[in-house]
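Work the whole structure out from these sequences, hints included.
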Amino acid sequence: MKRSFNKKIVITLIAWSAAIFMFFPIFWMLLAGFKTEIDAITTPPLLLFEPTLENYEAVQQRANYIKAATNSVMISGGATLLALVFSIPAAYAMAFFPTRRTRSTLLWMLSTKMLPPVGVLVPVYILFRDFGLIDTRTGLIVIYALINLPIVVWLLYTFFKEAPKEILEAGRMDGATSRQEIFYLLMPLALPGVASTALLSIILCWNEAFWSLNLTTSDAAPLTAFIASFSAPEGLFWAKLSAASTMAIAPILIFGWLSQRQLVRGLTFGAVK
Amino acid sequence: MATVTLRNIRKSFGDLEVIKGINLDIEDRSFVVFVGPSGCGKSTLLRLIAGLEEITAGDLFIDGERANDTPPDKRGLAMVFQSYALYPHMTVAGNMGFSLRLAGVPRAERDKKVIEAARTLQLEDLLERKPKELSGGQRQRVAIGRAIVREPKVFLFDEPLSNLDASLRAQMRIEIARLHESLNATMIYVTHDQVEAMTLADKIVVLRDGAIEQIGAPLELYHRPKNLFVAGFIGSPKMNLLPARVIAMSDSGITVRLTGIGDLDIPVRSNGLKPDEPVTVGVRSERLDVNDQGQFQGQVLVAERLGRETHLHVQMEGGEMITVEINGDSPAHIHDRVAVQINGRDCHLFNSSGEAV
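Same order as they appear, the protein sequences are chains A and B. One rule links them: number in this note's numbering = place in the first sequence (from 1) + 534. One rule links them: number in this note's numbering = place in the second sequence (from 1) + 148.
In short, the hints are calculated from the structure, not lab data. Quick caveat: nothing in here was measured; it's all calculated off a predicted structure. Ideal Cβ positions, reconstructed from N, Cα and C, are used throughout, including at glycine. Incorrect hints may have been included.
Unchecked claim - Straight line, CA to CA, 27 Å or less: simulated DSSO-like cross-link-like pairs of lysine-lysine:
#1 B:Lys168 to A:Lys699
#2 A:Lys695 to B:Lys278
#3 A:Lys699 to B:Lys374
#4 B:Lys222 to B:Lys260
#5 B:Lys422 to B:Lys168
#6 A:Lys699 to B:Lys301
#7 B:Lys222 to A:Lys699
As the list claims (entries may be wrong) - A few chain B residues that don't get close to chain A, going by computed Cβ distances all over 12 Å:
#8 Gly169
#9 Ala226
#10 Glu276
#11 Gln319
#12 Val343
#13 Met346
#14 Arg356
#15 Arg432
#16 Asn439
In structure tokens form, the structure reads like this:
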């Protein structure tokens, strides 16, 4: 009894330290966004200061936040939808009609995530140029969907494997085609899993910077490019950069916070059962 | 309605052959039960008929037509699964009407059929409920209702009662028997429970290791088991199976020496038995008695009182255990010394390879 109590304290302490350790940079960024440029670079750093909104004003004047945010929403959502359209049938086939190669195909898909993206930057850039996709949302949607495909297929595969096979077989006996089986039976059964997969994909797209910085300039530039524009030739403006970053992560942070219950439930579904 | 014919049906998973050449004729409107220990292939055989597994070799005929390559829903079958396999996000009515909805049956007609089936199964008040709001027995009835709505030629049941508690199981067993009567349908039923097999079947198919051990009516299997396996599997309590050795043969029968018990004359023809051959003598517990005429001495180790009858587990002098069923009122106590009466003409004799003589 006593031992488990001590254990609880230790675990709680570790969890809190880890949480604070991870949250601190975000907290510092939030603070810096409300400091003047001078306050922001003072050493030792200031915890108490006179808050100001001037950075947010400056950011609004220099760049088009709304446009970048709209691009981020469209691109993350579009890429996630596109990835799901291809992943759901793929994961269905792998989960319910596995062949000798299913396992190695999954591993191969995952292995593509280990390739450094810069390694394919030039060919992708040339393809984009020839197809007229540079600085278009369509281009980014396609490439994000492709990047996320392995992880989306993998996650859906594990969720689908959890779905009771007999229910799908009952559907087959009732005369359901593969497509009807997916839409009428599998999707409702695996909805928590599909939802958390979609959430994860949206977050990954939202945070992706490498391709958006290299393949967009202005028209299709999402929030990652919007932040980057503040580490500009004039030098680093910490306070403005922080304000811009806060604005960039705010939507996804709120979105993540609202859906965290769903996300955690989905991602730990198979593990804790 | 329909006949189902299996001709030399085989099924392999990779290198492992699980169904080893099954030949079987299932008559129209009959109730056939596949029974056997777990892993004997009975569920696989049902799934082959259903079309949920591909047949490796052999021919399956439904109503005289080869159905090996017919998709499951076109075979005119309906299946009730062990786990019920209800669609959890649909109501009872939705579950029962799903096949009709897929087939594009107009709503009014669909509803009519669902309500009709619900009436048969006393589910009318539950039509708007979701499966998770139902008890085990109700779920089972919905699963059966889903099958009825399709008006199949053949009903397939895959251990449908094994998730229910004992009293509900007995009740559902009766309901299924009545359903068979009123629907007049061909039914194929898989179970590992020999009581279900005995009570429901017109014809029992005993399976072991992917092959048929014996086919027959329940009482035929009970009274004339073809081999040791069927003898031990059918009947509760289990048939007493006693090791013995042939010591003499004559025109009127065979004399055997029951190991550790004594000598016994059994009036059967010798049918190729040789003197000194090891054999097994099988005798049902209700054919035994303990009384003054008993030839063999033993001691009661356990007395199971069931009310109408009592099962005595008697240890014979040589250490062999025998189960004797006696009248429930008989005074028999644990540790009593008793004399067990074995009647030679009630005994089954099995040769050294386990076949009935």
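A quick look at each hint next to the structure:
1. B:Lys168 to A:Lys699: 26 Å, holds
2. A:Lys695 to B:Lys278: 23 Å, holds
3. A:Lys699 to B:Lys374: 38 Å, violated
4. B:Lys222 to B:Lys260: The hint holds at about 23 Å.
5. B:Lys422 to B:Lys168: It is violated: about 32 Å lies between the C-alpha atoms, which goes past 27 Å.
6. A:Lys699 to B:Lys301: Measuring from Cα to Cα gives roughly 24 Å; hence the hint holds.
7. B:Lys222 to A:Lys699: 20 Å, holds
8. Gly169: 25 Å, holds
9. Ala226: Not fine: 7 Å to the nearest Cβ puts Ala226 (chain B) too close to chain A.
10. Glu276: 18 Å, holds
11. Gln319: 23 Å, holds
12. Val343: It holds; Val343 (chain B) is separated from chain A by about 25 Å at its closest Cβ, greater than 12 Å.
13. Met346: 27 Å, holds
14. Arg356: 25 Å, holds
15. Arg432: 38 Å, holds
16. Asn439: Check passes; 53 Å lies beyond 12 Å.
Hints 3, 5, 9 from the list above are not met by this structure, while the remaining hints are.
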